[in-house]
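Q: Take the given structure of chain A and dock chain D to it, following the hints.
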Amino acid sequence: MTFQLTAPPFLRSADSRKRQNKRPQDTKPDADEESSDIVTRPQTLAEKIIARAAGRDAVAPGEYVNVTPDYTAFQELFWPMHQKNMAIVGLDKVADPDRLVMVIDHTTSAAMGSEHTRTHRTLRDFAAKQGIKNFFPAGNGLRHQMLVEHGFARPGSLIFSDEGNIASIGALGALNFTMSWEVFASFYDTSNWIVVPKSVRMNLVGELPFAVTTRDLVQTIIRDYAAGGQLLQSCVEFAGPAISKMSLDARQTLLSCLFHAGADTAIMAADDVAMAYASERANGRPVLALQSDPDAEFAFEATYDLSKIEPTVTRPPTLAGGTPISTVAGQRVDQASIGSCANGRLDDLRQAAHVLRGKRIAPHVTMYITPASNTIYAEAAREGLLEVFARAGATVLGPGCTTCWGYQGVLNDGEVSISTQQFNYTGRNGSDKSDVYLSSPYVVAASAVAGEITDPRPLLKQKEAA
Amino acid sequence: MSTLLRGRVWKFGDDLSGDDGIIEFSVVREQFGKLDEVVLKAMCFRKVRPEFPASVKPGDIVVGGRNFAHHNHVEVSAAIKYSGIAAVVCESCETGFLRKALNFGLPVVVCPGVSRIVKDGETIEVDPVSGRVEASGGTLAAQPFSERMVAVWKAGGLVPLLKKTTEARRLSA
Numbered sequence: 001m002t003f004q005l006t007a008p009p010f011l012r013s014a015d016s017r018k019r020q021n022k023r024p025q026d027t028k029p030d031a032d033e034e035s036s037d038i039v040t041r042p043q044t045l046a047e048k049i050i051a052r053a054a055g056r057d058a059v060a061p062g063e064y065v066n067v068t069p070d071y072t073a074f075q076e077l078f079w080p081m082h083q084k085n086m087a088i089v090g091l092d093k094v095a096d097p098d099r100l101v102m103v104i105d106h107t108t109s110a111a112m113g114s115e116h117t118r119t120h121r122t123l124r125d126f127a128a129k130q131g132i133k134n135f136f137p138a139g140n141g142l143r144h145q146m147l148v149e150h151g152f153a154r155p156g157s158l159i160f161s162d163e164g165n166i167a168s169i170g171a172l173g174a175l176n177f178t179m180s181w182e183v184f185a186s187f188y189d190t191s192n193w194i195v196v197p198k199s200v201r202m203n204l205v206g207e208l209p210f211a212v213t214t215r216d217l218v219q220t221i222i223r224d225y226a227a228g229g230q231l232l233q234s235c236v237e238f239a240g241p242a243i244s245k246m247s248l249d250a251r252q253t254l255l256s257c258l259f260h261a262g263a264d265t266a267i268m269a270a271d272d273v274a275m276a277y278a279s280e281r282a283n284g285r286p287v288l289a290l291q292s293d294p295d296a297e298f299a300f301e302a303t304y305d306l307s308k309i310e311p312t313v314t315r316p317p318t319l320a321g322g323t324p325i326s327t328v329a330g331q332r333v334d335q336a337s338i339g340s341c342a343n344g345r346l347d348d349l350r351q352a353a354h355v356l357r358g359k360r361i362a363p364h365v366t367m368y369i370t371p372a373s374n375t376i377y378a379e380a381a382r383e384g385l386l387e388v389f390a391r392a393g394a395t396v397l398g399p400g401c402t403t404c405w406g407y408q409g410v411l412n413d414g415e416v417s418i419s420t421q422q423f424n425y426t427g428r429n430g431s432d433k434s435d436v437y438l439s440s441p442y443v444v445a446a447s448a449v450a451g452e453i454t455d456p457r458p459l460l461k462q463k464e465a466a
Numbered sequence: 467m468s469t470l471l472r473g474r475v476w477k478f479g480d481d482l483s484g485d486d487g488i489i490e491f492s493v494v495r496e497q498f499g500k501l502d503e504v505v506l507k508a509m510c511f512r513k514v515r516p517e518f519p520a521s522v523k524p525g526d527i528v529v530g531g532r533n534f535a536h537h538n539h540v541e542v543s544a545a546i547k548y549s550g551i552a553a554v555v556c557e558s559c560e561t562g563f564l565r566k567a568l569n570f571g572l573p574v575v576v577c578p579g580v581s582r583i584v585k586d587g588e589t590i591e592v593d594p595v596s597g598r599v600e601a602s603g604g605t606l607a608a609q610p611f612s613e614r615m616v617a618v619w620k621a622g623g624l625v626p627l628l629k630k631t632t633e634a635r636r637l638s639a
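In the order they appear, the protein sequences are chains A and D. Residue numbering for the first sequence follows our numbering, beginning at 1 and increasing consecutively. Residue numbering for the second sequence follows our numbering, beginning at 467 and increasing consecutively.
Next up, chain A with everything else stripped away, as it sits in the complex:
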């Protein structure tokens, strides 16, 4: 499939009064294609991206369409399964090595000796043999970061990946589709079927209050929607005046956690900030500033006033248990961790450093901080953040998923962790008798200092006053 550098017909400004609300399958096969007014259904942002990847003028929610993703992203934990299936299916050459992005991010310290180190070796050899240039060995960082930092995910692109949190790339107007182990199919075919999701619009207005972050916002959204099933098979499109006030890091936090609310994927239209970031890294690849048509259909719309959000903690063992911090303040913690695809970026590290500067973590607490990529790690070093962490008594880990899945930061019976990680189900970080609470970097850092779950605002206000 060739990349289009000129806008396809449905993206050119057309008189929307002439557009008819027809589903693509209602159009007669012998319809006059010469007309400059394409008879098509107004499209949402997600529908436009899918249509482009499907070679179609328009798509409708619920349709099963074949798309050719710009890239398919892999992580190494599925590798033993991929190897087993490759032995059954047989593989000479992968279908298109340039469309594959393979990242080792879960088992980063395997070099210290574990069975994972064998996987790293075979992956390296496989990538070399198959001519897969986009191979990122352990230490580079999370695949979420590789996708944006290296320009694989760009405005208008469609990406296949294994997991729903990779919707973080939606901050650049790129659309993620979760395939789980089925990313394997991309070794054999450059296209695969997807369901066109319904588009749901969430308007963000107002401004986040002092010490409140998009992690608190998304926990609130998850609490509102996770149990009800309203977001099944949907793409949540965030819009509204609040977005331009959010950094790209903050937007990625919001999008990376949204799948816990039940949505298939999430996105926002790329604004100037996102376009600038993506254009710097595009290397000649297309960057498409797409937006939903003004008369596009959304399954429903909701509005969040950010000024009403407060510091939120999600109690174990489910993700729907987001609660105001006051309800859990005072809970003793043994471990604190900052990182993961939700909160491992520079802004998150800056927030943690802001709290930890000049402080020490409580004597009974172990704290881990993991930058999500080597680029972020280097920038954090340059800004002096790593020194702040070290002097506070925290341990900085090499870029990877680390504490999020209990690969590092294992908890014993009865131990409690407060973390920015993605999941808190029973046994996630080790013992089935351990608990993981989820929150923002501010809350995690303040809790590490106090030795118990703590509202960060008094400490931060003190720092402002000083």
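Note that these hints are calculated values from the structure, not bench results. Beta carbons are placed, not taken as given, at the ideal position from N, Cα and C, and that holds for glycine. A couple of the hints might just be wrong.
Some chain D residues near chain A, calculated using beta-carbon distances under 10 Å [unchecked claim]: (1) LYS477; (2) ASP480; (3) ARG532; (4) HIS536; (5) SER558; (6) LEU564; (7) ARG565; (8) ARG598; (9) GLU600; (10) SER602; (11) PHE611; (12) ARG614; (13) VAL625; (14) GLU633; (15) ARG636; (16) LEU637.
A: Chain D alone, transformed into the frame defined by chain A:
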């Protein structure tokens, strides 16, 4: 292989968890990915319908409510398939469940309104290729499977399909 399926209905309500409802994932967690057919068949739906494992017959069809099989590891799809269920028709479900099931050779047809047209124990007709769903209470039109989805289903799953197409490419090369 005819794509019209007809079978006895096992009907379930809304919000039935996959990992903690259809199966007990915590029991099989240690063997994640190994898929023990005997163990999974024995636990399938027993939490909500204790008679299911002993009474289910090959060709029976599951009708689920809203948010069917939420939170599901691949063991959930495997258990349903191993039990001999020919298809799942549900009000709504996660796309992830649809994918995992189809990759296992189990068609899942999302069909809003299905709960209203059929009762437990009755017969339902489902054709994933045309999308037609019919029972005593009426006929509904679900989204037809795409060509590729039909191919995955007919091959018995994703890996069998890829094996077939890879061999075909080799022979024609």
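Q: Of the numbered hints stated previously, which ones are contradicted by the structure, given in increasing order?
A: 1, 8, 9, 10, 16
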